[in-house]
Amino acid sequence: MITDILTGAIRSGTSVMLASQGELISERAGVINLGTEGSMLGGALGGFAVTVWTGNPWLGTLAGGLCGLLISAIHAFLVLTCHANQLATGLTIMFFAMGVTSFFGRGFVSEQIVGFNPVAIPYLSEIPFVGQVLFNHDPLTYLSFLLVPLLWFVLFRSRIGVILRATGEREEVLFANGINPKLVRYAAVLAGGFLAGVGGVQLSVAFTHSWVENMVQGRGVVAVALVIFASWKPIRAMIGAYLFGAAQALQLTVQQAGLPISPFFLFMVPYLLTLAALYIVERRQRSQTPEALSRVFTGTSSG
Amino acid sequence: MKTKKVKSLLVLTMALILLITGCSQPGAQQAPAASSGSENAAASDAPAPGADSTAVGFIFVGAKDDYGYNQAAYLGSVGVEETFPDLKVLRAENVPETAEAERVMEQMIKDGAKVIFPTSYGHLDPALNVAKRHPDVAFFHQGGLKTAENLGTYFGTIWEPVYLAGVAAGKMSETGKLGYIVSVPIPQVLLNVNAFQLGAQSVNPDATTSVVFTGSWCDPGQQANAANSLIDSGVDVLSQHQDCTKTVIETAERRGAMSVGYHADASSLAPEGWITSSIWNWPDLYADMEKTAIEGNFKGSIYDGKYRGTLNDNVVQLTELGAGVPDDVKQLVEEKRAELLEGTLQPFKGPIEDQAGTIRIEDGVTPALDDLEAADFLVKGVIGNIPK
Numbered sequence: 001m002i003t004d005i006l007t008g009a010i011r012s013g014t015s016v017m018l019a020s021q022g023e024l025i026s027e028r029a030g031v032i033n034l035g036t037e038g039s040m041l042g043g044a045l046g047g048f049a050v051t052v053w054t055g056n057p058w059l060g061t062l063a064g065g066l067c068g069l070l071i072s073a074i075h076a077f078l079v080l081t082c083h084a085n086q087l088a089t090g091l092t093i094m095f096f097a098m099g100v101t102s103f104f105g106r107g108f109v110s111e112q113i114v115g116f117n118p119v120a121i122p123y124l125s126e127i128p129f130v131g132q133v134l135f136n137h138d139p140l141t142y143l144s145f146l147l148v149p150l151l152w153f154v155l156f157r158s159r160i161g162v163i164l165r166a167t168g169e170r171e172e173v174l175f176a177n178g179i180n181p182k183l184v185r186y187a188a189v190l191a192g193g194f195l196a197g198v199g200g201v202q203l204s205v206a207f208t209h210s211w212v213e214n215m216v217q218g219r220g221v222v223a224v225a226l227v228i229f230a231s232w233k234p235i236r237a238m239i240g241a242y243l244f245g246a247a248q249a250l251q252l253t254v255q256q257a258g259l260p261i262s263p264f265f266l267f268m269v270p271y272l273l274t275l276a277a278l279y280i281v282e283r284r285q286r287s288q289t290p291e292a293l294s295r296v297f298t299g300t301s302s303g
Numbered sequence: 001m002k003t004k005k006v007k008s009l010l011v012l013t014m015a016l017i018l019l020i021t022g023c024s025q026p027g028a029q030q031a032p033a034a035s036s037g038s039e040n041a042a043a044s045d046a047p048a049p050g051a052d053s054t055a056v057g058f059i060f061v062g063a064k065d066d067y068g069y070n071q072a073a074y075l076g077s078v079g080v081e082e083t084f085p086d087l088k089v090l091r092a093e094n095v096p097e098t099a100e101a102e103r104v105m106e107q108m109i110k111d112g113a114k115v116i117f118p119t120s121y122g123h124l125d126p127a128l129n130v131a132k133r134h135p136d137v138a139f140f141h142q143g144g145l146k147t148a149e150n151l152g153t154y155f156g157t158i159w160e161p162v163y164l165a166g167v168a169a170g171k172m173s174e175t176g177k178l179g180y181i182v183s184v185p186i187p188q189v190l191l192n193v194n195a196f197q198l199g200a201q202s203v204n205p206d207a208t209t210s211v212v213f214t215g216s217w218c219d220p221g222q223q224a225n226a227a228n229s230l231i232d233s234g235v236d237v238l239s240q241h242q243d244c245t246k247t248v249i250e251t252a253e254r255r256g257a258m259s260v261g262y263h264a265d266a267s268s269l270a271p272e273g274w275i276t277s278s279i280w281n282w283p284d285l286y287a288d289m290e291k292t293a294i295e296g297n298f299k300g301s302i303y304d305g306k307y308r309g310t311l312n313d314n315v316v317q318l319t320e321l322g323a324g325v326p327d328d329v330k331q332l333v334e335e336k337r338a339e340l341l342e343g344t345l346q347p348f349k350g351p352i353e354d355q356a357g358t359i360r361i362e363d364g365v366t367p368a369l370d371d372l373e374a375a376d377f378l379v380k381g382v383i384g385n386i387p388k
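Going down the list, the sequences are from chains L and C.
All residue numbers for the first sequence refer to full-length UniProt numbering, where the first residue is 1 and numbers rise by one.
All residue numbers for the second sequence refer to full-length UniProt numbering, where the first residue is 1 and numbers rise by one.
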């Protein structure tokens, strides 16, 4: 039963995890992107459509990532070039993407695809317990396992990471060093959009093999919340995403066990956990918030 | 300080979005109940609702090809189109169950429609509002419990074929564990789950049905979660009461479990594990309702109140059993179908016990349709709880 819950946690948490890693990059550079939900939707539809057309889920993944990137590009342009309010812009883009994907997704609702299927990794999947939980997933999930340590390394052990984090903390320093913080932010938002798009692909092409309008159902919003919960740290964001997935899996297990707890209460649990986590982080006071999240760089010196 | 403010703002926004996205449940509208005759004097002089209509309007809550509820209704509209080639057929998909539905219906009436089919449960209140303003237009609403002078509702006893599907599933299951993925605890849903379990139990006394609520009519992510979770726990036949059925059926097929569909025939999605599906057969009924209205006979017909079609009326059907179903099971289902048609088999004839073992339908009693449509319990053998 615990095996089932943990396996379910990874199955349903992976799309959220990918999106939250993307949002983390964006926020580390100082841009909050509530449009992550929209990028996920774009990715879910783009990935599904290209998989239908080409029969190749890897091309679908690439296309889905690019769709996510395109949607985040709108956010980047409005916020970084036009100095629009980033929260309002992100929200608007989320609803915009819901409409656009519903419109263009009309013809794909009944399409069938051969998407990603779980691949048991030889030997490793035979390890009792661990093998079942970790090594019987779809290829995108394995990639997401590798992504987290990679992102951690880039962020905290490489020059790129220093530049990225400096952009989110003290852009004046970068500016003085001849690096344009605006460009770094653009790159970070686009990279974030790409990952959110791939998260959407995981949902449509790997997990459900379906496209339905508005199928992301708030997972992108949860991803944004998780970044804060994770104090902008990749590994914590991963744990948070799996926790969210585990709450969903637990909910189903509790229902099947016939325990007298209302499923409608259980539906709230993942969100309650997320809110509680936000509260705790907020209470801890030790600020790890990238400082630039509170202002938008104007292109001259400090804001 | 600044950062703290931003974080609080973020949390607030987040909570707001969760509220917005989480509350898109249909049907919370408080429209006034149907008028009961205060305007009768004016209405009796008005032309018969729908008479001499040259156009007909259909509105659907989802996509016409969802392998589910909307696809079935769409096929019904095609039936009307084929029966009345000269009739202009107006269709609108993805019409939300809000005032937006009123707007769409008004537009259709402007375009000449004198007969309107609002096909989703939550389209009822908007339709009642529009019906009040247009006494010359006939409305046929799917599944509604309220009616008006010019608005009748229709539905079918889908639990009859669901019972037969349960018989097939009970025979086919090797583990004796069946799974049922449902949305929200409304009587229609509970009735189906009960019929399915009673059917399975009639051929395998040890069979159980695990019911899982997803809280949504169509969320593929939740559906995949639920399907995987049920299969992990040993369930080998999955059925569902969802609007879009594709994800669950495909997930079951990929994982080697068997499928019982709902609303529409989705056998093409599961060549290996397909058992059968309970479906709506709307085309003939829609065409007949349309004919009644056009000829000016709406009032006083069987359709001006609450019409409920049965297996006998061919309004609900069981699809052909899948290729993997052996002949003896097919024959058994056929026998049970014949008994249902003759009326010698009454799935809900008492004694029926609920999960706690309390008798809910007394020995020998066959509940009336209205009582069945008010079901508020799960029968013995169903695992899971009705959310309170």
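None of these hints come from the bench; they were simulated from the model.
Each residue gets a CB set at the ideal place from its N, CA and C atoms; glycine is no exception.
Treat the hints with care, as some may be off.
[Said to hold, decoys possible] A short, non-exhaustive set of chain C residues, derived as facing chain L with CB atoms under 10 Å: (1) Gln222; (2) Ser301; (3) Lys388.
Now the hints, each set against the structure:
For Gln222/C, the interface hint holds, since its Cβ comes within 10 Å of a Cβ in chain L; the closest pair sits about 8 Å apart. Hint status for Ser301/C: violated, given a least beta-carbon distance of 35 Å to chain L, over 10 Å. Because the beta carbon of Lys388/C sits about 6 Å from the nearest beta carbon in chain L, less than 10 Å, this interface hint is met.
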